[in-house]
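Novice: In order, the protein sequence lines correspond to chains B and R. Residue numbering for the first sequence follows this note's numbering, beginning at 27 and increasing consecutively. Residue numbering for the second sequence follows this note's numbering, beginning at 27 and increasing consecutively.
Accuracy of the hints is not assured; some may be wrong.
Same chains, same label: a pair holds when it works inside one copy or across any pair of copies.
Listed next, the in silico DSS-like pairs over lysine-lysine satisfying Cα-Cα at most 25 Å (straight line) [claimed, not checked]: (1) LYS106 - LYS300; (2) LYS364 - LYS188; (3) LYS300 - LYS368; (4) LYS260 - LYS40; (5) LYS317 - LYS161; (6) LYS314 - LYS161; (7) LYS41 - LYS317; (8) LYS267 - LYS40; (9) LYS300 - LYS274; (10) LYS41 - LYS326; (11) LYS300 - LYS317; (12) LYS40 - LYS300; (13) LYS260 - LYS274; (14) LYS274 - LYS40.
FYI, nobody ran anything at the bench for these hints, they're computed from the structure.
Number of protein chains: 2
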Amino acid sequence: MKLLTVDTVSEARKKLRERCSGLMPGTEEVSLTEAAGRILAFDIFSEENIPPYRRSIMDGYAVRSSDVGAAGDMIPTMLKVSGEVLLGTDSSGLTVEPGCCVYVPTGGYVPEGADAVVMIEFCEAFGDGMLAVSKSAAHGENVVQIGEDVAEGDMLLPKGRKLRPQDIGVLAAAGIASVPVIVPWRVTVISTGDELVGPDETPGPGQIRDINSYTIASRSAAEGFSVVRVLSLKDDDRAIKDALESAKADSDLVVMSGGSSQGKKDMSAELIGKAADSGVLTHGIAAKPGKPTITAYDSKSNTLFIGLPGHPAAALMVYEQVLIWLWHEFSGHDGGLKIRAKVTANIPAAPGRMTFQLVRLTDGDEPEAVPVFARSGMISPMSASDGYFVMSENTEGIRPGDTVTVHLWR
Amino acid sequence: MKLLTVDTVSEARKKLRERCSGLMPGTEEVSLTEAAGRILAFDIFSEENIPPYRRSIMDGYAVRSSDVGAAGDMIPTMLKVSGEVLLGTDSSGLTVEPGCCVYVPTGGYVPEGADAVVMIEFCEAFGDGMLAVSKSAAHGENVVQIGEDVAEGDMLLPKGRKLRPQDIGVLAAAGIASVPVIVPWRVTVISTGDELVGPDETPGPGQIRDINSYTIASRSAAEGFSVVRVLSLKDDDRAIKDALESAKADSDLVVMSGGSSQGKKDMSAELIGKAADSGVLTHGIAAKPGKPTITAYDSKSNTLFIGLPGHPAAALMVYEQVLIWLWHEFSGHDGGLKIRAKVTANIPAAPGRMTFQLVRLTDGDEPEAVPVFARSGMISPMSASDGYFVMSENTEGIRPGDTVTVHLWR
Chain B
27 MKLLTVDTVS EARKKLRERC SGLMPGTEEV SLTEAAGRIL AFDIFSEENI PPYRRSIMDG
87 YAVRSSDVGA AGDMIPTMLK VSGEVLLGTD SSGLTVEPGC CVYVPTGGYV PEGADAVVMI
147 EFCEAFGDGM LAVSKSAAHG ENVVQIGEDV AEGDMLLPKG RKLRPQDIGV LAAAGIASVP
207 VIVPWRVTVI STGDELVGPD ETPGPGQIRD INSYTIASRS AAEGFSVVRV LSLKDDDRAI
267 KDALESAKAD SDLVVMSGGS SQGKKDMSAE LIGKAADSGV LTHGIAAKPG KPTITAYDSK
327 SNTLFIGLPG HPAAALMVYE QVLIWLWHEF SGHDGGLKIR AKVTANIPAA PGRMTFQLVR
387 LTDGDEPEAV PVFARSGMIS PMSASDGYFV MSENTEGIRP GDTVTVHLWR
Chain R
27 MKLLTVDTVS EARKKLRERC SGLMPGTEEV SLTEAAGRIL AFDIFSEENI PPYRRSIMDG
87 YAVRSSDVGA AGDMIPTMLK VSGEVLLGTD SSGLTVEPGC CVYVPTGGYV PEGADAVVMI
147 EFCEAFGDGM LAVSKSAAHG ENVVQIGEDV AEGDMLLPKG RKLRPQDIGV LAAAGIASVP
207 VIVPWRVTVI STGDELVGPD ETPGPGQIRD INSYTIASRS AAEGFSVVRV LSLKDDDRAI
267 KDALESAKAD SDLVVMSGGS SQGKKDMSAE LIGKAADSGV LTHGIAAKPG KPTITAYDSK
327 SNTLFIGLPG HPAAALMVYE QVLIWLWHEF SGHDGGLKIR AKVTANIPAA PGRMTFQLVR
387 LTDGDEPEAV PVFARSGMIS PMSASDGYFV MSENTEGIRP GDTVTVHLWR
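Produce the entire structure from the sequences given, and follow the hints as far as they go.
Specialist: Structure below.
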């Protein structure tokens with residue numbers, strides 16, 4: 027089987043988006059304490075005003091601003107202290123009458139009648155219930171109005187937001203104790219090859235250690251996917267076929283990475299094609315690195331199969347640019363963190379292919395992107411890099427000083 | 027009790043680093059499958075060469091380059107195929123004699139004698155065991171040398187690295203099945219206030235919802251800390267005192283956030299001071315927002331107490347700039363993700379105080395930092411922001427077009 031139907035990255039993505047709609051993730055409701063890091067399934071609107079009452083932002087005295095218009099250092103205005111607001115107790119019965127004032131702590135209720143708060147530093151209380159105010163106050167001064175922070179009906183957080191600590195805080199503030207979030211994909215990771223051994227084994231002659239199942243499982247978990255199982259299989263048609271079949275029952279995604287030799291790739295493609303009732307969608311991607319990529323979809327079980335290149339850096343980049351891309355499309359979350367940086371060296375592009383170039387970023391105020399070159403199959407450049415940039419099919423290359431968008435590794 | 031000993035942020039940090047050495051985190055060994063996201067405790071060196079043998083980067087034939095020096099399209103060189111390398115089997119006995127060649131798949135062992143691999147596309151095999159090679163090969167062509175990727179003794183990963191998927195892959199490749207990582211701090215989060223209610227309750231008059239315990243617990247978990255318990259307590263000396271005492275037994279860090287009124291802050295400071303045998307380290311930080319911050323250390327139990335400002339945005343920024351800062355100092359991990367951006371508006375600084383300014387970043391190639399202004403105690407600006415930048419005590423302010431370093435929220 028040859029790589030006859032090589033797709034561009036855009037074509038491969040388009041097929042996935044159009045043919046794999048059964049992979050559109052579901053939603054579930056989780057409590058706030060479990061929501062951090064999850065992706066919001068819907069826009070969230072506030073059903074309340076925050077604050078729900080007029081609130082003081084200072085420790086001070088609630089006054090009528092018209093009463094203290096003439097107050098100053100030299101000639102303070104005298105007001106009668108007619109009450110005190112206590113946090114946590116009902117002060118809604120209090121009113122500030124003309125010539126009077128009420129003590130209000132920070133965050134406290136500003137009583138009816140008052141329209142400003144004078145900071146406690148500008149007030150002196152006398153024993154007889156009178157207060158000397160030595161500063162005037164503008165209408166509304168030191169008072170947060172009802173709904174000024176969040177008004178009833180305001181959008182609190184948008185669909186697709188990956189919930190950060192402060193987002194959880196905002197939800198708590200608005201009295202939202204649980205939220206609808208996206209159900210993560212369930213993933214089976216399979217690496218195949220007679221030559222593969224685990225990190226705790228010493229490779230014999232001709233053997234190498236399995237890398238991709240560790241990288242891909244870890245990347246999947248970092249994205250929030252549920253990693254159902256990680257298998258390392260020999261080149262045994264029967265065993266691989268069984269693994270693909272049984273993964274249909276409990277996985278949305280089956281990520282397979284085989285050897286990089288032509289014969290092995292053929293076998294992977296055939297097995298993946300047989301497991302998926304819609305057959306192979308893409309067999310070969312016009313990307314460098316990343317050409318030997320296979321996608322196939324089983325519409326009965328709604329399972330997406332992907333055969334990744336054997337080389338670890340290529341496997342990870344294709345996983346990012348194709349699978350994680352699809353997840354972001356379907357979940358509504360744009361998870362990619364990108365920064366702009368100037369490149370320090372010439373990078374040739376591969377005409378007709380999308381090219382991924384590893385870079386590390388320099389320290390300092392204006393970080394530069396220093397290309398990290400990797401010969402085929404090398405693994406150390408991956409961990410020496412901070413991310414990569416993409417050159418489109420039509421780029422001739424990048425010159426030193428050109429600015430690129432660096433996708434930062436997670 | 028007044029805020030008599032107001033420290034700059036640097037002074038507060040210095041005290042923590044010098045006085046709280048008992049908080050230096052321990053290390054533990056974890057297996058690779060549990061290591062993602064953890065912080066490496068030591069530099070990791072490779073005990074092996076990668077690759078451990080000369081490896082082909084192509085499907086092709088291992089040759090002596092001197093044999094094929096004259097090979098070309100028109101006049102191919104004829105070689106005798108003397109063997110085949112099979113992945114996963116022992117090929118170390120094979121040798122390429124002069125005039126001979128051996129088939130090698132991608133990733134396969136390059137036998138003794140050979141010093142180059144000719145891509146399979148340039149070879150034609152005849153039935154009689156002879157091969158026509160139509161392209162010359164330079165010495166070393168298509169061959170990865172022993173240790174070329176990683177040499178024995180090379181540093182694989184530095185201390186302080188938060189392990190990413192590809193780092194896990196590199197460790198697997200080097201046969202490192204477990205790694206020493208930093209043991210996370212154990213944190214107790216306490217919010218106090220008679221006025222606080224949970225997100226599932228409707229606040230009565232004078233009541234507000236607890237925000238800080240949600241924000242701080244979530245931020246702690248995002249940093250990898252182990253959140254031991256989250257408590258919401260009334261303003262009850264006895265209950266708070268008991269909670270602080272019992273947290274000493276199982277927490278490295280006790281984060282308390284009380285009300286923002288002066289009386290409450292005094293009570294918090296007193297209780298924290300009494301719980302810590304070394305007394306209060308810092309009582310007030312010259313930061314805006316963030317002044318009402320208290321730190322105290324108990325050297326008997328090695329517990330750090332911190333009283334955060336009551337206002338959610340202030341609490342989160344102080345937590346980042348003081349506590350998370352200390353964690354990065356002690357763990358060796360520089361976790362802050364920062365980008366440079368031009369500011370779109372005038373921002374006045376607060377002379378003598380470090381100023382934290384919330385911003386959101388615009389989309390596009392050269393993101394700009396748009397200030398998000400928050401009146402005291404507001405919560406919606408936190409979730410509307412992508413991060414914040416810091417103005418030092420000596421800055422007069424920022425003008426439109428000035429470039430700043432934006433600390434991105436987690």
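Novice: Each hint needs a verdict: does it hold in this structure or not?
Specialist: Here is how each hint holds up against the structure:
1. Taking identical chains as interchangeable, the C-alpha atoms of LYS106 and LYS300 are never at most 25 Å apart, the minima being 87 Å within one chain and 38 Å between chains.
2. For the identical chains of this complex, LYS364 and LYS188 are neighbours both inside a copy (16 Å) and across copies (19 Å), given an alpha-carbon limit of 25 Å.
3. In this assembly of identical chains, the alpha carbons of LYS300 and LYS368 never lie at most 25 Å apart, being 46 Å within a copy and 54 Å across copies at closest.
4. In this assembly of identical chains, LYS260 and LYS40 lie within 25 Å of each other by CA distance neither inside one copy nor across copies; the values are 33 Å within and 56 Å between.
5. Taking the shortest Cα distances, LYS317 and LYS161 sit within 25 Å of each other only across copies (24 Å), while inside one copy they are farther apart (74 Å).
6. For a Cα distance limit of 25 Å, the shortest separation of LYS314 from LYS161 across copies, 24 Å, qualifies, whereas the shortest one inside one copy, 70 Å, does not.
7. Taking CA atoms no more than 25 Å apart as the test, LYS41 paired with LYS317 passes inside one copy only; the shortest distance there is 17 Å, against 55 Å between copies.
8. In this homomeric assembly, LYS267 and LYS40 never come within 25 Å of each other (Cα to Cα): the closest approach is 27 Å inside a single copy and 61 Å across copies.
9. In this assembly of identical chains, the alpha carbons of LYS300 and LYS274 lie at most 25 Å apart only when taken from the same copy (13 Å versus 60 Å across copies).
10. With identical chains, the CA atoms of LYS41 and LYS326 are at most 25 Å apart within one copy only, with a shortest distance of 17 Å there and 63 Å across copies.
11. Taking the shortest alpha-carbon separations for LYS300 and LYS317, only the intra-copy value of 21 Å comes in at or below 25 Å, while the best inter-copy value is 66 Å.
12. In the homo-oligomer, the alpha carbons of LYS40 and LYS300 lie at most 25 Å apart inside one protomer (22 Å), although the nearest pairing across protomers, at 64 Å, exceeds that limit.
13. In the homo-oligomer, the alpha carbons of LYS260 and LYS274 lie at most 25 Å apart inside one protomer (20 Å), although the nearest pairing across protomers, at 52 Å, exceeds that limit.
14. Taking the closest pair of Cα atoms, LYS274 and LYS40 come within 25 Å of each other only inside a single copy of the chain (23 Å); across copies the shortest separation is 56 Å, beyond that limit.
This entry does not satisfy hints 1, 3, 4 and 8, going by the numbered hints stated previously.
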